[in-house]
Amino acid sequence: MNFEDELQRALARKSAPDGFADRVLSRIETPRHQKSWTLRRIAAAIVITASLGGLTAHQIIEHRRIEEGERARRELMTALHIASAKMRVAQRAVVHD
Amino acid sequence: MSAAAPLLFPTNDANLHRAADGDHDAFGALIREHQDMVFSIAWHFLHDRDRAEEIAQEVFLQLYRGLGEIESNAHLTFWLRRVTANRCIDESRRGRWRIVTLDEANDVARDADDTDPLLTRKLGQMLQRLPAQQRLAITMRYQEGLEPFEIGAVLDMPLNTVKSHLRRGLEALREWMGVKR
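Chains A and B, in that order, are what the protein sequence lines are.
Using our numbering, you'd call the opening residue of the first sequence number 1 and step up by one each time.
Using our numbering, you'd call the opening residue of the second sequence number 1 and step up by one each time.
It is worth saying that the hints were derived from the structure and are not from the lab.
Incorrect hints may have been included.
[As the list claims (entries may be wrong)] Selected chain A positions facing chain B (in silico; Cβ < 8 Å):
id : residue
1  : ALA21
2  : ARG23
3  : MET77
4  : HIS81
[Unchecked claim] Taking lysine-lysine pairs in the DSS-like style, the calculated list, with each CA pair at most 30 Å apart, reads:
id : chain 1 : residue 1 : chain 2 : residue 2
5  : A       : LYS14     : B       : LYS122
6  : B       : LYS180    : B       : LYS122
7  : A       : LYS14     : B       : LYS180
The beta-carbon is built from N, C-alpha and C at its ideal position, and this holds for glycine as well.
Take these sequences, add in the hints, and give me the full structure.
In structure tokens form, the structure reads like this:
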């Protein structure tokens with residue numbers, strides 16, 4: 001027996017199991033697919049959060065603007081009432097004199 | 001000894017470039033081209049079909065992640081041999097592989113003779129008793145047909161260390177198989 005020839009025969013390449021390449025490819029595609037879906041979900045969540053945040057901010061600003069307008073209107077009316085009262089007082093003083 | 005699968009050979013890198021560009025069919029072709037080599041290295045090291053396939057799959061998944069770093073088909077072959085060898089070493093360090101006891105080995109050796117049709121199988125079993133580095137060196141030499149300097153490059157060890165592993169491994173196998181020089 002030529003020992004090294006026997007060793008070479010014993011260590012000859014073996015065929016990989018049937019479907020080996022397909023199993024590797026399926027392990028590659030699955031994480032990629034999942035990754036893609038995960039990224040899409042994250043992107044959708046960001047868009048929805050940003051939209052809701054923008055809408056809320058817009059509503060808060062609008063609400064404050066209306067409140068400020070209302071307060072300015074009330075202050076103007078108060079000022080007009082005061083001015084009107086002063087005018088009446090002055091008018092009466094002028095008539096009496 | 002004739003080289004069964006030399007380190008360097010005429011290259012057709014088209015599949016490699018297409019696979020690196022994300023072509024799954026091309027990567028599938030690369031797997032099919034090299035799967036026997038990778039699986040066989042793991043099989044001869046572990047002597048366990050399921051774990052050999054597991055390691056081989058992991059090697060190709062690692063290849064997929066690092067395809068951009070592979071420059072040529074020759075580089076790919078070198079890379080696959082090296083990564084498979086490293087994963088086999090890692091596996092042996094985890095201690096998950098089955099150790100063939102001295103008694104089992106002696107039983108097999110006693111049964112072996114020149115006309116035994118199971119001789120090659122018994123030699124494969126004897127190989128499991130060798131230390132990991134010797135086993136890998138002998139696998140690279142007799143499965144892949146690499147020269148000692150090529151084995152040194154793949155296993156990242158000095159030439160003299162490779163020669164020492166080969167010599168000691170062969171001596172041990174001869175002794176266990178009852179073969180005289």
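Right, here's what the structure says about each hint:
Satisfaction of the interface hint for ALA21/A is found here, the shortest Cβ-Cβ separation to chain B being roughly 4 Å, below the 8 Å cut-off. Of the supplied interface hints, the one on ARG23/A holds, with its beta-carbon coming within about 6 Å of a beta-carbon of chain B, less than 8 Å. For MET77/A, the suggested interface contact is broken, since its CB lies about 71 Å from the closest CB of chain B, more than 8 Å. Hint status for HIS81/A relative to chain B: violated, with the closest Cβ pair at about 77 Å, above 8 Å.
For the proposed pair LYS14/A and LYS122/B, the alpha carbon gap of about 16 Å is at most 30 Å, so the pair holds. At roughly 17 Å between alpha-carbon atoms, LYS180/B and LYS122/B fall within 30 Å of each other, so this suggested pair holds. The suggested pairing of LYS14/A with LYS180/B holds, with an alpha-carbon distance near 28 Å, which does not exceed 30 Å.
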